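Asks: The residues making up each chain are set out below.
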Amino acid sequence: MTWIVQNLWLVPVLPMLAAAICALMGYRHRIAAASLAIGSMAISFLLALCAFAHVLGSHAGNGVQTVNVPWFQVGGEWLKLGWMLDPLTSLMLLMVTFVGLLIFIYSVGYMAHDDNFTRFFCFLALFAGAMLGVVIANSLLLLFMCWEVVGLTSYLLIGFWYAKPEAAAAAKKAFVVTKIGDLGFLLGMVWLYEKTGTLLFYDGGAGCLEHSALAHLVAQATILGLATSTAIALLIFCGAAGKSGQVPLHVWLPDAMEGPTPVSALIHAATMVAAGVFLIARIYPLMSVTASGSPAPSVALEVVAWVGATTAVFGALIAVAQFDIKRILAYSTISQLGYMMMGLGVGGVAVGIFHLITHAFFKSLLFLGAGSVIHGCDGEQDIRRMGGLSKSMPITFAAYTAGMLALCGFPLFSGFWSKDDILHAAHSWSISQAPFYMGAFGALLTAFYMTRQLYYVFAGTSRLAELGRDSTHLSDPHGAAHHAPVHPHESPAVMTVPLVILAAFAVLLGFIGTPAWPWFQSFIDGQPASFSFAAFYGFGILPVMLSSALLVFLGLALGWALYGRRPIESAASSDPLAELQPQAFSLLGRAFVVDALYGATLVRLNTVCSRISDWLDRWVWNGAVQAVSYFVLALAWLDNFFDAAVVNSGFDEGCESVSRGGQALSLLQGGQVQSYMRIIGGALIVLVLFLLWGTKI
Amino acid sequence: MNPLQGYLLLSALLFSIGLAGALLRRNAILVLIGIELMLNAANLNFIAFWRYGPVPAALTGIMFTIFSIAVAAAEAAVGLAIILAAYRHSRTTDLDRMDSLKG
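Protein sequence lines correspond, in order, to chains A and B. Each residue of the first sequence is one higher than the one before, counting from 1 in the numbering used here. Each residue of the second sequence is one higher than the one before, counting from 1001 in the numbering used here.
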């Protein structure tokens, strides 16, 4: 066990320390706060590099290295926490610290005009620390604690501009919806502890993800004939679904775009929402365990795959009809998270995590690009009022296009390899072919809506000056009063340089996991990678690849046909798709009315329940409490009377007499010290005389 | 009459004068001077008893006296400070008029 494994805790603790110091600093120390956060992140990045190199070096066979420390004792049980280093952790560490570092640097430019710059960096650093804690945790409990801190920082950052009612409401919504999932997580965790007596993942054979515990779990059946392991896995999946915006808990993610754009990029695209996917990958042994001998995938994984596939199509469909640049990306994120879940469900850890890593890079690139666009357009977020930005913002345009192509899965870009991996796994899934077709349809839609967005934002002529910019509710209140006309301008270097770096990764990152050289997959599985072009001709790879590429081209062509062929003339003209299919478009535009549905059912139910509770409180419980209080009041009144009439007057009498005695005695006090001394002197003389007289006799 | 008796008589005289001053004078400063006289009478007693006592070789009497003088000096300083403070407070040093403790 080497230095880096022993000291891996430094990686999350450093950003947390930075956050603590930022929290204690005054809001004026902007440079200090930013440099603290960025510095701590840079050190964490270096440590993550060391950890990665260590994992690379100690390759082959079992890659899990753990350090467990006792936390406290309950009865005879020691509760232990710990951290671990394995290929999955090392890759996630690298991704989170690197993307985080770039986004921190970008934020310096984006938040430059904000009064609460210091607070922003405090929250951001706290988030990074908690997220890194999630990644290295070797205990479900520690993971859960960091998970909740991550949720808290998400709440704080979505509501960063808390003076805006939408932002405050979005923050509350995100918190409540993810808590619904977390409740399942908590129940699953408690159940797991009850069954196995430990929450450590790996503990030299005694951990809850190791063979003996799993065999114990899978042997027991609970309700509905599910194995206990399946039931626990599904409960924990609730938490993952809430955090990763899977249907039906996805409603918070689009609203979360009220936060500052770097937050959307870091938390609601690259890292936090991926935490759910990461959680499933982390507890994959628990998810995938089946009774020995049965060849079929476990029920839990089946559920994950179906939920993921549904989410992938669902998010992509809604993204087609959105007009807010960030909401499109948000729905796209939901859809891509669905892909990751599907990949985990049908293929395994490597498939899902590969897409997670590539997605983190190209989606944060897209969000930062969108932030740059919003910054350049002075807070405008409606794509109908943009247009023509390719001329005024060339760097952003180039980077954004790279991200968009990666997201679509354009051949050779990173998204192509990872998405293809998922589709191939879905194609060879033993249960059903439906997830494959859903995924393929989602890929087509992805290419379509991204083309639509690109044409709206960057092509044609600028429509910013139109409509008098009346709809301030859409605009981002970061600084700058609204004064027309607005001239779109390129963002400063502190914002464009991270974009360019991310763009390079978005283009190239896929080559670490191609079928010919599946380094990524073998790294996760702990096997040496081998290079062979022959792998392309393996079972069903080439047809899947070709068909997905064809779908992408089809999506791009459709997008061009609808939006690119004829430039969009004015911000008021209706969407070409809306003209073709007005009803479907409006249904999609309102996101399948899920929000309204929840409002009409769950929220209303909740309201009714709280009304009843309120009534009960007011009239039943409150009545009882009031009756008791009146009784007590009556008693107190009696007591008071007794006190005043009997006890008090007796005491008063006694006090009076003491006071009179004191007054009489005080007459002896002349107030003149000399007179006292004279008496003392006289007494002295009498004493001396008495003594003399005594000796005479 | 041996010398000791003479000294004792002298110190008794000094003490009486001091006591009379402390008891009868109205001026606070003169009262303080009376107290100093009484202290010095006691010092004289120390010296006398030492000099004509059983072991005049040991310097006990002188030791006591030096201590006593030092303490007297400190006490005089404190006393004067109190008188000054009292004067500032009541604009007088007449002890008859300082009777705010009168019952």
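Read the hints as simulated data drawn from the structure, not as lab findings. Please read these numbers as outputs of a predicted model, since none were measured by experiment. Misleading hints may appear alongside valid ones.
Claimed, not checked - Looking from chain A toward chain B, a few residues come up when the C-beta cut is under 7 Å (computed):
1) G671
2) Q672
3) Q674
4) R678
5) I679
6) G682
Unchecked claim - Here are a few chain B residues that sit away from chain A, every Cβ distance over 10 Å (derived from the structure):
7) Y1007
8) L1032
9) L1039
10) A1048
11) G1053
12) T1060
13) M1098
14) D1099
15) S1100
For each residue, glycine too, the CB sits at the ideal point set by N, CA and C.
Asks: Which of the listed hints are broken here?
Replies: 5, 6, 13, 14, 15
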